[in-house]
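Residue numbers (the numbering used here), protein chains in the order written: chain A, 1 to 252; chain B, 1 to 252.
It is possible that part of the hints are untrue.
Unchecked claim - Mimicking DSSO-like on lysine-lysine, the simulated pairs with C-alpha atoms at most 27 Å apart in a straight line are:
hint	chain 1	residue 1	chain 2	residue 2
1	B	K184	A	K252
2	B	K208	A	K241
3	A	K39	A	K2
4	B	K208	A	K184
5	B	K182	A	K241
6	A	K201	B	K39
7	B	K192	A	K200
8	B	K252	A	K182
9	A	K200	B	K182
10	A	K184	B	K252
11	A	K17	A	K142
Said to hold, decoys possible - Computed from the model, here is a short list of chain A residues facing chain B with C-beta under 10 Å:
hint	residue
12	P123
13	N130
14	H149
15	Q158
16	E178
17	L186
18	V199
19	P207
20	R225
21	F243
To be verified - Listed next, with one range per pair, are the computed distances between beta-carbon atoms:
hint	chain 1	residue 1	chain 2	residue 2	range
22	B	K146	A	K234	33 to 43 Å
23	B	Q248	A	I210	26 to 36 Å
24	B	K47	A	S206	39 to 49 Å
25	A	K234	B	N50	45 to 55 Å
26	B	L43	A	L43	52 to 62 Å
Source of the hints: derived by calculation from the structure; they are not laboratory data. We put the CB at the ideal spot given by N, CA and C, even for glycine.
Now for the letters of each chain:
Number of protein chains: 2
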Amino acid sequence: MKITLIGSGRLATQLGKRLFQQEHDIIQVFSRSLSNAEKLAELIQAKATNDLSEINQPCDVCIIAVKDDVIEEVAEQIKVDTLVVHTSGSVSTNVLDSHKKYGSFYPLQSFSMNQTPEWEDLPVLVHANNESSLNRLQRLAKSISKNFHIVNNEQRKQLHLAAVFANNFSNHLFLIAENLLKEKDLSLDLLKPLIIESVKKIEQASPKTIQTGPAIRNDQKTIERHLNQLSENKQLTTLYKLFTEMIQTEYK
Amino acid sequence: MKITLIGSGRLATQLGKRLFQQEHDIIQVFSRSLSNAEKLAELIQAKATNDLSEINQPCDVCIIAVKDDVIEEVAEQIKVDTLVVHTSGSVSTNVLDSHKKYGSFYPLQSFSMNQTPEWEDLPVLVHANNESSLNRLQRLAKSISKNFHIVNNEQRKQLHLAAVFANNFSNHLFLIAENLLKEKDLSLDLLKPLIIESVKKIEQASPKTIQTGPAIRNDQKTIERHLNQLSENKQLTTLYKLFTEMIQTEYK
Numbered sequence: 001m002k003i004t005l006i007g008s009g010r011l012a013t014q015l016g017k018r019l020f021q022q023e024h025d026i027i028q029v030f031s032r033s034l035s036n037a038e039k040l041a042e043l044i045q046a047k048a049t050n051d052l053s054e055i056n057q058p059c060d061v062c063i064i065a066v067k068d069d070v071i072e073e074v075a076e077q078i079k080v081d082t083l084v085v086h087t088s089g090s091v092s093t094n095v096l097d098s099h100k101k102y103g104s105f106y107p108l109q110s111f112s113m114n115q116t117p118e119w120e121d122l123p124v125l126v127h128a129n130n131e132s133s134l135n136r137l138q139r140l141a142k143s144i145s146k147n148f149h150i151v152n153n154e155q156r157k158q159l160h161l162a163a164v165f166a167n168n169f170s171n172h173l174f175l176i177a178e179n180l181l182k183e184k185d186l187s188l189d190l191l192k193p194l195i196i197e198s199v200k201k202i203e204q205a206s207p208k209t210i211q212t213g214p215a216i217r218n219d220q221k222t223i224e225r226h227l228n229q230l231s232e233n234k235q236l237t238t239l240y241k242l243f244t245e246m247i248q249t250e251y252k
Numbered sequence: 001m002k003i004t005l006i007g008s009g010r011l012a013t014q015l016g017k018r019l020f021q022q023e024h025d026i027i028q029v030f031s032r033s034l035s036n037a038e039k040l041a042e043l044i045q046a047k048a049t050n051d052l053s054e055i056n057q058p059c060d061v062c063i064i065a066v067k068d069d070v071i072e073e074v075a076e077q078i079k080v081d082t083l084v085v086h087t088s089g090s091v092s093t094n095v096l097d098s099h100k101k102y103g104s105f106y107p108l109q110s111f112s113m114n115q116t117p118e119w120e121d122l123p124v125l126v127h128a129n130n131e132s133s134l135n136r137l138q139r140l141a142k143s144i145s146k147n148f149h150i151v152n153n154e155q156r157k158q159l160h161l162a163a164v165f166a167n168n169f170s171n172h173l174f175l176i177a178e179n180l181l182k183e184k185d186l187s188l189d190l191l192k193p194l195i196i197e198s199v200k201k202i203e204q205a206s207p208k209t210i211q212t213g214p215a216i217r218n219d220q221k222t223i224e225r226h227l228n229q230l231s232e233n234k235q236l237t238t239l240y241k242l243f244t245e246m247i248q249t250e251y252k
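Whenever a hint applies, use it, and build me the whole structure from the sequences.
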């Protein structure tokens with residue numbers, strides 16, 4: 001397909017490279033910074049611009065991969081008559097309704113600038129405001145991953161929320177563990193085998209069936225010992241109590 | 001070494017098998033259930049008993065791998081004159097002080113009955129009340145893993161606490177995500193690549209350097225949207241706000 005790519009950040013870069021690798025034709029790349037646009041455009045044999053009014057070449061899909069809060073503003077400045085999609089997990093596709101055909105093309109992964117993700121199994125979630133656009137997005141998704149799905153606005157927002165719990169908040173738990181260990185001159189390295197083993201388990205089983213620890217055992221002695229160890233830190237005490245309560249409610 | 005093993009649960013079973021595999025001599029296995037003792041004893045060519053007064057064969061180390069709250073009671077019934085250790089993360093070694101030589105031998109992993117863990121890199125943490133016992137435990141730890149360390153009671157307790165945050169609580173976050181997704185007919189499978197990718201990152205970098213999401217971006221619009229989505233669930237609202245506040249405090 002012929003594709004226009006708006007953005008040059010982590011997602012735009014990895015997605016652009018993958019589309020190029022899978023033999024799509026990237027026509028134009030836009031970034032507010034011309035040098036960033038040029039850098040990405042060179043990698044994927046596209047034309048670079050930092051002027052949205054120059055986004056005027058015919059294409060099959062225009063992909064807006066910019067920060068959530070500028071999607072609407074950018075979309076309104078794009079005048080090319082084609083299917084326009086954004087790549088955001090949490091923004092409704094309605095912000096694109098200045099266009100006739102619009103939708104979302106959401107690769108659910110945390111991208112970095114330099115590391116190529118494993119695209120084969122990467123979930124790509126698509127949605128569009130009409131049948132033929134949806135078909136086009138499914139074909140595009142299928143060309144870059146085996147793991148593509150149709151997901152409406154409400155579902156996509158729920159996925160984004162769930163990802164915050166599963167990803168951002170769990171990463172903060174790892175940081176809390178690291179900070180606790182540092183207090184006693186210990187390294188998080190000691191816990192990494194345990195963390196990795198636990199995450200491997202959820203590849204096979206629901207997290208519901210593999211919970212362990214003092215909360216689910218109702219091991220009041222250990223819980224009190226832990227709260228004692230945390231007594232100087234109010235936030236961690238609150239967090240520990242809340243999780244313990246939630247786990248005990250879940251399994252009672 | 002000649003070893004006596006008290007217990008036949010997940011840890012006792014996996015540890016017994018590893019010690020046997022590494023050519024230690026398991027003399028006796030105790031379990032309250034004779035059939036469980038016999039089952040494990042057969043695997044590791046030991047003698048089985050369900051009577052603590054029969055634990056009387058000379059050995060180099062007696063390993064107590066039973067539930068935290070019965071360690072002290074079991075230890076007091078063992079009359080063999082040798083180095084006695086327990087395998088608990090959260091119990092002080094002082095509960096063993098009815099013995100002259102005592103300590104802890106703590107393999108930091110979540111064990112299952114049927115799956116052999118990767119012992120080569122599994123952290124084994126040792127502590128003893130005298131130098132020669134500590135040397136003996138270090139030799140024993142070294143024989144089953146490259147990743148062994150001396151860790152005192154206070155450090156071991158902190159590790160256990162940190163593991164509750166990094167392991168039990170993060171698993172509960174995965175369950176929260178699964179429950180949120182179910183509400184919208186979606187499967188946790190969609191998030192697994194993201195979860196696995198994030199955990200891979202902490203093998204290389206501190207969780208401090210890889211945090212993403214609306215809290216660290218101070219993306220108030222998305223945070224409000226998420227709280228709106230959670231408005232019918234008080235506990236999740238509290239948890240979301242607490243994490244957001246903690247992340248923003250950590251990185252401000």
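Hint by hint, here is what the structure shows:
1. B/K184 with A/K252: holds, 24 Å
2. B/K208 with A/K241: Holds, at roughly 23 Å.
3. A/K39 with A/K2: holds, 20 Å
4. B/K208 with A/K184: Holds. B/K208 to A/K184 sits at ~18 Å (cutoff 27 Å).
5. B/K182 with A/K241: holds, 26 Å
6. A/K201 with B/K39: holds, 26 Å
7. B/K192 with A/K200: Distance ~10 Å between B/K192 and A/K200 Cα, so the pair holds.
8. B/K252 with A/K182: OK: B/K252 and A/K182 at ~20 Å, within 27 Å.
9. A/K200 with B/K182: Holds - the C-alpha atoms of B/K182 and A/K200 are around 21 Å apart, at most 27 Å.
10. A/K184 with B/K252: holds, 24 Å
11. A/K17 with A/K142: Within the cut-off at roughly 16 Å; holds.
12. P123: holds, 5 Å
13. N130: violated, 22 Å
14. H149: holds, 7 Å
15. Q158: Result: holds, 4 Å to nearest chain B Cβ.
16. E178: holds, 6 Å
17. L186: This hint holds: A/L186 lies near chain B, its Cβ roughly 6 Å from the closest one there, short of 10 Å.
18. V199: Since chain B brings a Cβ to about 5 Å from A/V199, closer than 10 Å, the hint holds.
19. P207: holds, 4 Å
20. R225: Where the cut-off is 10 Å and the nearest Cβ of chain B is about 6 Å from A/R225, the hint holds.
21. F243: holds, 5 Å
22. B/K146 with A/K234: 33 to 43 Å: Because 40 Å falls inside the window, the suggested range holds.
23. B/Q248 with A/I210: 26 to 36 Å: Since the Cβ atoms of B/Q248 and A/I210 sit about 31 Å apart, the hinted range of 26 to 36 Å holds.
24. B/K47 with A/S206: 39 to 49 Å: holds, 40 Å
25. A/K234 with B/N50: 45 to 55 Å: For A/K234 and B/N50 the Cβ distance comes to about 47 Å; the hint holds.
26. B/L43 with A/L43: 52 to 62 Å: holds, 57 Å
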